[in-house]
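J.: Since the structure of chain A is provided, determine the placement of chain B on it from the hints.
Here the protein sequences line up with chains A and B, keeping their order. Residues in the first sequence are numbered consecutively from 1, following full-length UniProt numbering. Residues in the second sequence are numbered consecutively from 1, following full-length UniProt numbering.
Among these hints, one or two may not hold up.
The list makes no distinction among identical chains, and a pair is therefore deemed to hold if it is satisfied within one copy or across any two copies.
[Stated by the list, open to error] Using 27 angstroms as the maximum straight-line C-alpha spacing, the simulated BS3-like pairs for lysine-lysine come out as follows:
| id | residue 1 | residue 2 |
| --- | --- | --- |
| 1 | 364 | 300 |
| 2 | 342 | 55 |
| 3 | 364 | 508 |
| 4 | 6 | 364 |
| 5 | 357 | 6 |
| 6 | 342 | 300 |
| 7 | 423 | 357 |
In short, the hints are calculated from the structure, not lab data.
Protein chains: 2
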Amino acid sequence: MQLTLKTFLERTESFLPQNEIVSRQADGQLFRYHYADYCRRTRQLASALARLGVKPGDRVATLGWNTYRHMELYFAVPCLGAILHTVNIRLTDEHIAYIMNHAEDVVLFVDPDLLPTVERVAPSVRSLRHIIVMDDRPAPLGDCDYESFLATGDPDFAFPEIEENSPCGMCFTSATTGDPKGVVYTQRGLYLHTLALCLRDVLAISEHDTVLPVVPMFHANSWGLPHAAVAVGATIVLPGPHPTAADILDLIEAERGTFCAAAVTIGVELYAQLKKKPRDISSLRGLMLGGSATPEALMKRFHNEYGVPILTAWGATEAAPLATITHVRRSVFEAGPEERIKVRIRQGIPVPGVELKVLDDCGKPVPRDDRHPGEVHVRGPWIATEYYRDKRSRDSFADGWWRSGDIATQGSDGSIRLVDRAKDLVKSGGEWISSVDLENELAACPGVLEAAVVAMPDARWQERPVAFVVPLQESGELDPDILSAWLARRFAKWWIPDRFVVVAALPKTGVGKVDKRTLRERAAGLAL
Amino acid sequence: MQLTLKTFLERTESFLPQNEIVSRQADGQLFRYHYADYCRRTRQLASALARLGVKPGDRVATLGWNTYRHMELYFAVPCLGAILHTVNIRLTDEHIAYIMNHAEDVVLFVDPDLLPTVERVAPSVRSLRHIIVMDDRPAPLGDCDYESFLATGDPDFAFPEIEENSPCGMCFTSATTGDPKGVVYTQRGLYLHTLALCLRDVLAISEHDTVLPVVPMFHANSWGLPHAAVAVGATIVLPGPHPTAADILDLIEAERGTFCAAAVTIGVELYAQLKKKPRDISSLRGLMLGGSATPEALMKRFHNEYGVPILTAWGATEAAPLATITHVRRSVFEAGPEERIKVRIRQGIPVPGVELKVLDDCGKPVPRDDRHPGEVHVRGPWIATEYYRDKRSRDSFADGWWRSGDIATQGSDGSIRLVDRAKDLVKSGGEWISSVDLENELAACPGVLEAAVVAMPDARWQERPVAFVVPLQESGELDPDILSAWLARRFAKWWIPDRFVVVAALPKTGVGKVDKRTLRERAAGLAL
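The shape of chain A in the complex, shown without the other chains (with noise of 0.2 angstroms):
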């Protein structure tokens, strides 16, 4: 018995057809159907793959929002023995045509709005046949559009038997410097980082839910909660192209969401929105942010107000993404909200099947004191052992451990708290200070809604911190010495920061953090 994603789609087809998945299109209007459809039309598309010509290991690319169609390519593809890539849609033409190229795509299927960048980019990727519009209507280029194509696929086909050590998904991640890095899924890992979330003390996914992931599908698999939901026939509400912060509380007001996973700016963002106009997100039992650190301030804030707990994760493209979760024992859980919050701030522990281990710069496990930072390494069925085709693979993999670069302390309890990124820490004096422990204080000071902190060249202490602060009021001030008091309250004098710039809003990464690049670019003409 082969562990791959086939099994659970033909469970749910055969046992669990009855839920719908839901998905918010260009217009605004949702496309709703069941997984009964959902499984056929997969089986279709897969089938119209084979007979285009796709083979197993070829590469099948998507440029696309979170729709209904990019989640039947997300069973179609691997089931038929083909890797899934998603393409960020956030990278520069040039990344696109590198890792395109580096792939080496036979297939891209494309969401019409992004054909300006299938103009410009699809002429220099060498490998591509095939172009195919995910829409109904007439395409303006590439081969046909989506459902022109589905037609040509029998919706009895059978999947092929595929040996579970097989490559199922590609993803690349964005590196600081030079071109994106590339990581490959195989069906066993995919098919264990599956049941990991489904299991109760992770993320505890089930057919009960209805789970909405804001979380891209073309980032990190969408941490995963496509396949999950699949895998138990939960319910899925696709947000679709654009979402605003505004569209996301819609979608949970209306289609009363249990599960919603976003990137902690979006977090901020669902915040301000809710402050704005007011909804009814009781149905909510967890609202999953990653990508960085959630300020305890937002934690609180959500849990207060709404009633609703903020589930900390910690993972990457390298981790598929999952590593960590937030686990609120249940001694935790009888002392009460308060103590929850304490643990919930924090990236947690290994899943069921992760192995980690925080290592100082000699290579010796850090203290478990909370106060001794060191690098979080990992390895597990699910976590990367190398980049794809990539001399970088040397710097970041070792005995199948992943070095994530990431910097964080532990508890007694074995928990991880992420201080910050290696490369985002700020260094002064021969001290460190954490950039994530400034910006949760900031974050936590009235009138403030996000905050973010980066090292600026200093000629006497190598580095200082500056801050960058966003006011909670689109129109609202802020008085750099009420800041510094703030801080003063809990810091010590050196850690803070030399500058507070007040901006309207911080710069976003393709996959939406805080573009800490271009901020230490602002920092640096700070100190010209």
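T.: Relative to the frame of chain A, chain B by itself:
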């Protein structure tokens, strides 16, 4: 990364060592310690076994009750790469000697009260080299007592790396006729079975649970609950030697048990005991009954009188044992308690990873109309594909599928409902009569505790049903005409048993199921 049981133990040791293992001892006192101690002693035990000369692949047998020492063996032996053979203490001496010789056990761990069995059997087990008595007092026979043996090991022992397809467990299933048949479990099989148990839509075993496995550890891995408890670090309460229904209820009340698992026959005893002496069992979120079909009447009594939902599952020694689980889907759940019970009496749908088919006599899938019975076939990563060195394998296995010998119908939702064991169906005038259906209806009759129906030879009809009925009150009487009229409300006239025999108790097999072989012999006597 290999899928081995060690992964679970080491994660709990490092991140979730705080919960308790509670073990009822022979004198009724409770022994308690934490997972930190459990893991340390398990390493020490593995080390002692290695120093004794136990090699990977060697068989280590146990003859014991559900105790903390037995639970240490549950992980020490597999994590050393050896094979844990849990011997059913209720087998005859002849069968125990047969299976120990067939397994070629080299070491035997035995509980003190079972030493008489060992004295009789051990001399005929040719492979046996060591006997260790699970006690802390000097052992009257064998090598030594468990605690002295443990002291020879190193508590910092590092478990070896083991290939996931290595065998790690072994259990014999009692055949109706002939010698017991051996089933071997692999590391990979038990790893995946453990994860399945912890899925929210299966048993949802969690660190927040207090698990009370009444099902013996010598019977089908105690349904996988010791493995699941270790994997998530759940509190576990072990009922020790000779637990009575009163002992079990006292433990649930005192330890605030959340999840209890037992044979259906024990469930009947628990209910009868609760009527005699009430206890607070409100902490229970679920009572899992298995081994045979749970009567709807018993389920309603637990639900209505105690608010405890009964979980129904189906499996067998050959299936590690879990193959299917009742799943109350969201729409049914929201329809209310009455609708949920209609689903909960069914054996449900395959757990993720297992494939299932119900085939008629011609090998064709039965229609999903809940009317046409067929034999249940399953396959999956933890389902056996053969009996250990046994020519009878070819009668039960083909193409990776196990033919269970259990007869079920399938509903429109695909869920199965057990109708009978193939050998327990009553064949009357060329038509099938389900003994399970008759038993369920009799158990719902006022004044009835439980019932068993078997076939009696009949000259005219080939076979006719006979019912053995136990009154709810020990001194109660039951009128056959009333029982007959009760059944006539629901069944065709030719289904009604020809005889109703009132008995004080039903005979039970070594694994606690109703012993239908003995009843058939009694029924044959009645026919003469």
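J.: Take the hints in turn and mark each one as holding or not.
T.: Going through the hints against the structure:
no.: 1; hint: 364 with 300; in the structure: neither (35 angstroms within a copy, 58 angstroms between copies)
no.: 2; hint: 342 with 55; in the structure: neither (50 angstroms within a copy, 46 angstroms between copies)
no.: 3; hint: 364 with 508; in the structure: neither (35 angstroms within a copy, 58 angstroms between copies)
no.: 4; hint: 6 with 364; in the structure: between (42 angstroms within a copy, 23 angstroms between copies)
no.: 5; hint: 357 with 6; in the structure: between (33 angstroms within a copy, 17 angstroms between copies)
no.: 6; hint: 342 with 300; in the structure: within (10 angstroms within a copy, 42 angstroms between copies)
no.: 7; hint: 423 with 357; in the structure: within (19 angstroms within a copy, 55 angstroms between copies)
The earlier numbered hints that this structure contradicts are 1, 2, 3.
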